[in-house]
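**Q** Heads up: the protein sequence lines correspond to chains A and B, in order. The first sequence maps to residues 1043 to 1280 in the numbering used here. The second sequence maps to residues 1043 to 1280 in the numbering used here.
Hints are computed from structural coordinates only; laboratory data are not their basis. Everything numeric in this text was worked out from a predicted model, so none of it was measured. Hints are not guaranteed to be accurate.
Said to hold, decoys possible - Sample of chain A residues with no beta-carbon within 12 angstroms of chain B, all distances over it, derived:
1. T1066
2. G1068
3. A1072
4. T1089
5. S1091
6. M1093
7. D1109
8. S1136
9. E1139
10. T1150
11. A1221
12. S1253
Said to hold, decoys possible - If you only want the chain B side, here are some residues facing chain A, beta carbon under 7 angstroms, derived:
13. K1061
14. V1144
15. F1145
16. A1147
17. A1149
18. A1250
19. L1254
20. A1267
Think of the CB as a built atom: it goes at the ideal place given N, C-alpha and C, for glycine as much as any other residue.
Number of protein chains: 2
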Amino acid sequence: MAHQKSSAEPEEGPLIKMKDLLTTIGVSKATILYYLKEGLIPKPVRTKSNMAYYRSACIERVRFIKDLQSQYRLPLAAIRKVLEERDQGRDVLSLIEMGKVVFGAKATNQVNQKVFCRMTGLTPKQVEECLSSDLLLPFENGMFDQEDIAIGQFLKGGFGVGLSIKDLDYYPRLAKETAKREMAIRMRLTKDLGFERNVSATMELTRAARSLRNYIFERHFQRSAASQAPSQKVCKKK
Amino acid sequence: MAHQKSSAEPEEGPLIKMKDLLTTIGVSKATILYYLKEGLIPKPVRTKSNMAYYRSACIERVRFIKDLQSQYRLPLAAIRKVLEERDQGRDVLSLIEMGKVVFGAKATNQVNQKVFCRMTGLTPKQVEECLSSDLLLPFENGMFDQEDIAIGQFLKGGFGVGLSIKDLDYYPRLAKETAKREMAIRMRLTKDLGFERNVSATMELTRAARSLRNYIFERHFQRSAASQAPSQKVCKKK
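If we strip away everything but chain A, and leave its shape as in the complex, we get (with noise of 0.2 angstroms):
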């Protein structure tokens, strides 16, 4: 989509050499190389003594980036579209509200794969597994947040009772449809509404459903487990 060119782009201002915008900002030279490649910044201003220069009004918008990633857990593409909005001149508080509701609090206490699995149990050869058959799905790629650790020792378990990962295998295909399925009908309630509006029906609608999802598994795994139970009259007839 191509969008007008507003203000909030950080095409303006002096220009400064990435050393100083490192040391403004307090980020590696890693992060910003980063946030180059994916495009949520700007390319350098070269000079024909090939130096890089970088706008000032990039100081702000590497802090606004390192606060979304640090505050929220926001994928690269919720983040880009943070800053589209923005570029626009629009209020993005909504949409970082609505990434909240979406994407979950920010995990605390990542671990990496060595760490996990010592934690869980699992070998490295498990976890490998796992994670390329969607049972294990990290936010981060390599980095496990407490969910993920709760998870692997489920799995673990499971495994030493005699399960297989193709006995799980029913749970990443059932949910992938289910989230097609959700995600197609967002498509179609909002595709028609204007920025602001879809915004709060994207929340509104996340938040039914997820509470639908919840209610309606959880119901019919306690009638399955109800109707498992004996059915046979306990008190023998004399």
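We have chain A; now place chain B onto it with these hints.
**A** Just chain B, lined up with the frame of chain A:
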């Protein structure tokens, strides 16, 4: 399953009249007749004059059933199972605990269908349709708890923006398949276990299934949401 007669079965003790049973325990005649119909308490002894007498041990049994019903959200089949194991002289505390884990906490403030319609805004016809298509799954026939009401409100909202029951019928369909597979795994893993180990394994499996299911469905939902956001780069290249 045939089972041994044990001291716990109320076949001993002095005989008392229905009227005395009711006043001693403080239950309605309908309750006693319901327990009788469901075979939860033994049939009364009939005298020559066709008077029905209950064993006095019945008092304790009716109180126990009443407690189970008022304190826990156990379906009839689960109550039967508890009584059956108790009649065999087994300690049923862990079984009751298992019922709590599987069926959740006892609902308070249930309302009838008329109040349910008023609180959700759904018409009686819509409620019937939601019930018959398994979108609404009240725990007790004709009674709706706070969770049912919240779901009813979401459904009303959905119908209001043009969703039909057909749009949402993937939920019960996929939930049924999920529950069927969860139960099959449980049966496979517990079929050779003795009573105590079966109970504790079922609790563990219930917790694991619930966590795994919620995690995988939610993360797939988030993954779909992340990939639905616009993916173009937000900074125009110059």
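**Q** Take the hints in turn and mark each one as holding or not.
**A** Hints and how they fare:
no.	hint	verdict
1	T1066	holds, 20 angstroms
2	G1068	holds, 22 angstroms
3	A1072	holds, 19 angstroms
4	T1089	holds, 15 angstroms
5	S1091	holds, 19 angstroms
6	M1093	holds, 17 angstroms
7	D1109	holds, 17 angstroms
8	S1136	holds, 15 angstroms
9	E1139	holds, 14 angstroms
10	T1150	holds, 17 angstroms
11	A1221	violated, 4 angstroms
12	S1253	violated, 6 angstroms
13	K1061	violated, 21 angstroms
14	V1144	holds, 5 angstroms
15	F1145	holds, 5 angstroms
16	A1147	violated, 12 angstroms
17	A1149	violated, 12 angstroms
18	A1250	holds, 4 angstroms
19	L1254	holds, 6 angstroms
20	A1267	holds, 5 angstroms
Checked against the numbered hints above, the structure breaks hints 11, 12, 13, 16, 17 and satisfies the rest.
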